[in-house]
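Enquirer: Chain by chain, the residues run as shown.
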Amino acid sequence: MSSLSLALRDSSTMLRRNLLHARRYPSLTLNLLMTPVMLLLLFVYIFGDAMSGGIGGGDRSDYIAYIVPGILLMTIGSTVVGAAVSVSTDMSEGIIARFRTMAIHRSSVLIGHVIGSVIQSIASVVLVGAVGVAIGFRSTDASVLEWLAAFGLIALYALALTWIAVGMGMVSPNAEAASNSAMPLILLPLISSAFTPIDSMPGWFQPIAEYQPFTPAIETLRGLLLGTEIGHNGWLAVAWSLALAFLGYRWSTASFKREPK
Amino acid sequence: MTNLAIAANGLRKSYGDKVVLDGVDLNVPQGTIFSLLGPNGAGKTTAVKILSTLISADAGQVHVGGHDLAADPQAVRAAIGVTGQFSAVDGLITGEENMLLMCDLHHLSKAEGRRVTAELLERFDLVEASKKPAASYSGGMKRRLDIAMTLVGDPRIIFLDEPTTGLDPRSRHNMWQIIRELVTGGVTVFLTTQYLEEADELADRIAVLNNGRIAAEGTAEELKRLIPGGHVRLRFSDPAAYRSAAAALAGAAQDDEALSLQLPSDGSQRDLRTILDRLDAAGIEADELTVHTPDLDDVFFALTGATTVPGQNNEPKEAVR
Numbered sequence: 001m002s003s004l005s006l007a008l009r010d011s012s013t014m015l016r017r018n019l020l021h022a023r024r025y026p027s028l029t030l031n032l033l034m035t036p037v038m039l040l041l042l043f044v045y046i047f048g049d050a051m052s053g054g055i056g057g058g059d060r061s062d063y064i065a066y067i068v069p070g071i072l073l074m075t076i077g078s079t080v081v082g083a084a085v086s087v088s089t090d091m092s093e094g095i096i097a098r099f100r101t102m103a104i105h106r107s108s109v110l111i112g113h114v115i116g117s118v119i120q121s122i123a124s125v126v127l128v129g130a131v132g133v134a135i136g137f138r139s140t141d142a143s144v145l146e147w148l149a150a151f152g153l154i155a156l157y158a159l160a161l162t163w164i165a166v167g168m169g170m171v172s173p174n175a176e177a178a179s180n181s182a183m184p185l186i187l188l189p190l191i192s193s194a195f196t197p198i199d200s201m202p203g204w205f206q207p208i209a210e211y212q213p214f215t216p217a218i219e220t221l222r223g224l225l226l227g228t229e230i231g232h233n234g235w236l237a238v239a240w241s242l243a244l245a246f247l248g249y250r251w252s253t254a255s256f257k258r259e260p261k
Numbered sequence: 001m002t003n004l005a006i007a008a009n010g011l012r013k014s015y016g017d018k019v020v021l022d023g024v025d026l027n028v029p030q031g032t033i034f035s036l037l038g039p040n041g042a043g044k045t046t047a048v049k050i051l052s053t054l055i056s057a058d059a060g061q062v063h064v065g066g067h068d069l070a071a072d073p074q075a076v077r078a079a080i081g082v083t084g085q086f087s088a089v090d091g092l093i094t095g096e097e098n099m100l101l102m103c104d105l106h107h108l109s110k111a112e113g114r115r116v117t118a119e120l121l122e123r124f125d126l127v128e129a130s131k132k133p134a135a136s137y138s139g140g141m142k143r144r145l146d147i148a149m150t151l152v153g154d155p156r157i158i159f160l161d162e163p164t165t166g167l168d169p170r171s172r173h174n175m176w177q178i179i180r181e182l183v184t185g186g187v188t189v190f191l192t193t194q195y196l197e198e199a200d201e202l203a204d205r206i207a208v209l210n211n212g213r214i215a216a217e218g219t220a221e222e223l224k225r226l227i228p229g230g231h232v233r234l235r236f237s238d239p240a241a242y243r244s245a246a247a248a249l250a251g252a253a254q255d256d257e258a259l260s261l262q263l264p265s266d267g268s269q270r271d272l273r274t275i276l277d278r279l280d281a282a283g284i285e286a287d288e289l290t291v292h293t294p295d296l297d298d299v300f301f302a303l304t305g306a307t308t309v310p311g312q313n314n315e316p317k318e319a320v321r
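In order, the protein sequences belong to chains A and B.
For the first sequence, this note's numbering begins at 1 and goes up steadily by one.
For the second sequence, this note's numbering begins at 1 and goes up steadily by one.
These are calculated hints, taken from the structure and not from any lab test.
Glycine residues also receive a C-beta, built at the ideal position from the N, C-alpha and C atoms.
All the given hints hold, so there is nothing to weed out.
Beta-carbon label-pair distances, calculated as ranges:
| hint | chain 1 | residue 1 | chain 2 | residue 2 | range |
| --- | --- | --- | --- | --- | --- |
| 1 | A | S27 | B | V183 | 40 to 50 Å |
| 2 | B | D22 | A | S3 | 33 to 43 Å |
| 3 | A | E259 | B | D266 | 43 to 53 Å |
| 4 | B | P264 | A | I96 | 47 to 57 Å |
| 5 | B | K110 | A | S27 | 24 to 34 Å |
| 6 | B | G91 | A | G203 | 51 to 61 Å |
Straight-line distance between alpha carbons at most 25 Å, and here's what the computed SDA-like set of lysine to any residue pairs gives:
| hint | chain 1 | residue 1 | chain 2 | residue 2 |
| --- | --- | --- | --- | --- |
| 7 | A | K257 | B | G91 |
| 8 | B | K131 | A | G94 |
| 9 | A | K257 | B | Q85 |
| 10 | A | K257 | A | L247 |
| 11 | B | K131 | A | L20 |
| 12 | B | K18 | A | P173 |
| 13 | B | K110 | A | L4 |
| 14 | B | K132 | A | L30 |
| 15 | A | K257 | B | S56 |
| 16 | B | K18 | A | A97 |
| 17 | B | K110 | A | S5 |
| 18 | B | K131 | A | A97 |
| 19 | B | K132 | A | L19 |
| 20 | A | K257 | B | A59 |
| 21 | B | K110 | A | A7 |
| 22 | B | K132 | A | I96 |
| 23 | B | K110 | A | R23 |
| 24 | A | K257 | B | A78 |
| 25 | A | K257 | B | Q61 |
| 26 | B | K131 | A | Y25 |
| 27 | B | K132 | A | T29 |
| 28 | B | K110 | B | G153 |
| 29 | B | K132 | A | S92 |
| 30 | B | K224 | B | A302 |
| 31 | B | K110 | A | S3 |
| 32 | B | K132 | A | L28 |
Quick partial rundown of chain B residues pointing at chain A, CB under 10 Å, derived from the structure:
| hint | residue |
| --- | --- |
| 33 | K49 |
| 34 | T53 |
| 35 | I55 |
| 36 | Q74 |
| 37 | I80 |
| 38 | V82 |
| 39 | S87 |
| 40 | G91 |
Isolated chain B (complex conformation) (with noise of 0.2 Å):
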């Protein structure tokens, strides 16, 4: 138990009959990025309200840096900076009125404060719009806002509520810059998210929720390893191509609408060079050629039971010609 940031153990919850946790037990390694990861309404969001002592879990038993929830949420809340799916800024005053609000509500003292004021302001790139009511600002600057004034106290352990969520590409790498550069201060993040790229690209450990349980959990690598592997695809636009290649390459699931073939594949160039060298041989050229290797997109719609998101799911990752 010891360097557990965060530490939940058959957590459960459910609204009437609506079971929303149902059984999760989650731990988090300090000074790591964990993700949680689900479709909607899978119960992220819930699971962070119970681990920010929001809400109560209906069982289970949670520690968070150390402190005991049900014990001493007083404790908890000390310990941890949370940054709600829903801006939690005060649209009425200013970003840097929201910045010293944050100060004094945690003790600062006032040259402390606006020295800690000015100091995220100039990180976050807010200095400029610091004197506009914080209601007049983009959905990026709000969540720089948002997750500026999270940082007011320096706490430990950070709960960020898909944090990236209707933000713009640009806006989403910054974000993801700022999440980094949290955790190199020793800082652990618990994230959630709906984005398997972002899951991908920023968590240490990942765990997939789905209707209230955790599905799998473990590295991004490892749970690319949990599904079967890649495939090669090759698409004809001559249906006697098509035909002849379908002989050629026995074993291919055969797409007659398409005119496309799918083969299993690691994806390795000598496994490639073998299906090309066969194709070669019979004659054949393919007007197409992708190679399929397993992201966190397969796992997902492999553990979650969805079977396509449109423009999602059947984008290959890489191509070659």
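Next up, chain A with everything else stripped away, as it sits in the complex (with noise of 0.2 Å):
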């Protein structure tokens, strides 16, 4: 069997028992998925009223549209956070000890890992979007182009964080540790441009809100959904994403490889 058609294999037998743990267990991934959910609807129906002069006057709904983009961002931030305590879990395992006896391709257990993430990555931003649609968030004109573009970038920051939080999961001693070291992919779309323009933030902070992964993320996002202005976040965050991915890839890979005590 050739390199590539063994990974391949392996991979997807990987994935096949990722999902089955998602299957089986869905508790940790529905506990994942409350957080942004709980979060719209907290600045929407709490909060709404007095946050909708901060986006420049304009209603509720018009809030509902401009936090939209930023919960779906937070949602796949969320969501890796399970991969990080699973993937630490595993190699807890005895489990991890054999397929490492094993003639199968080396990285496939991690691929299989990251692979299930981002599955599971997009089916809750698109649950989170129901729930989304559901309060009243609408679309302004958005193309096909502009929805296949959306998708895909929501896939690429689900691919980047999965492979981030993966390598957080791998350096982390036990499940508690690996869900604390990957809590900054929650906080991290609370500092971005998601809930308040960056304008609107002491001058001193905006440099940290305008220069962190989400932003330019939530810009895009914003921009093919609703029509705003993209401008050079587009570009950005194509290239903060595959940036990511590397490096959580080599580190991700680089810890697998290191031997066990």
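Relying on the hints, combine the two individually framed chains into one complex.
Expert: Shown next, in the form of structure tokens:
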């Protein structure tokens, strides 16, 4: 068997294993979904009237339109925490030692986790998106091409953040530590342009909110779905995600190749 | 070098300052059971981890199944099956799903995978539990599933790291039966254990590992011959009888506390009769007479420098009243 077909076959076996885990124990994924959904409802229905003033007037429905793209990106950050937790749990199990002594494609364990997590992230984004639509989010004349681009952006971010989360899971000694070290992936969207425009933030804080991976992605998604100005954010988002994916991939595989004690 | 399933030369491994393996040589002929025996921390698990490609040695040459471990670990992996010390099953999925996972990773066809799974679940008495998550299995069931998973793909060389640790006596005997059956099929088994009885029972050859070195190697019989013969122990409850017996049996080691005498003996009928005749002649009756033949315990303790293990070393092998 050629090494590519070996990689494909073993990775898809590992993917099936991870999807089986997710299907058998959906509570982790569902719990992680709670954060973005709660924040969406909280900001729209409790703070919505006040917040809509911050985006330059308008009413609650304008704020729904403003917040949903950020919440969707946040959903990815939140879902991939599950990948960090399950990778870390997996690495503490004897079955990984078994995989290492088998003549299978070395990285298939990690690839299975990554693809599984990307699928879960996209499913979560669809679910949270459905909640957004249910409370009144509507895209303003996005073309099919823009929808595809939006979907592609979400998939790309899911891949990038998953690889980072897998790296965090690899270096964490247990599930709790993995969940803690992946917290920034949930917190970063809070200090991005997800909830309020950056120019409404204190001057010293604006660079932090501006130069981080979530803001360009949120701005790009907003542009694609709502027709706002994308500008250089599109390229920035793609660059961020490719860089993070590459970094996370190298980090994860290097940790996986390191000898177990 | 022909017909050696495992050939290791000068294996060394240390973690920081701690030397775990200090120049270990191992030769295991095909189709035999080889047991690596040693106390906790002797380096048994480290040896298995190196031989099964899990970690690399600092120095030494290893061939497993004829493949150079350093040059072609993937070929070694294709030839071996490993059951580690800690359960290597996926607890979140069922026993059957664990088996099918192994079949997929061995690239068996769907039909072949189902056939192998059904066969092994049957053989290891796991059919009833096959639809339950492996995490709910008892220790013995997890072990059986673990070994069943190792057997998928018919590995020719199997590593079992303390396969019966933590099992009840019945499960242990079942496991021994399983291991014996493996070898009748021509499989080579490399077994580590801390149970002397287990090595004695199963292994064609035994190596005693102590402080990272092989202290002795051979068949169980050869090892037993390494240490001085057995002895007869006489116990008395009457101090007077004890003293006259000590006088009648010159050369006996005396234990005044326990009122017991210990005489070197090969345990033969003639030897015993001589002792009994001398006691009869002096009109003394011992309360208890036990014959102790050397067993692996003695070898083990002689070689590893351990003195006693409660309830293990002091038990006589056979008792005659």
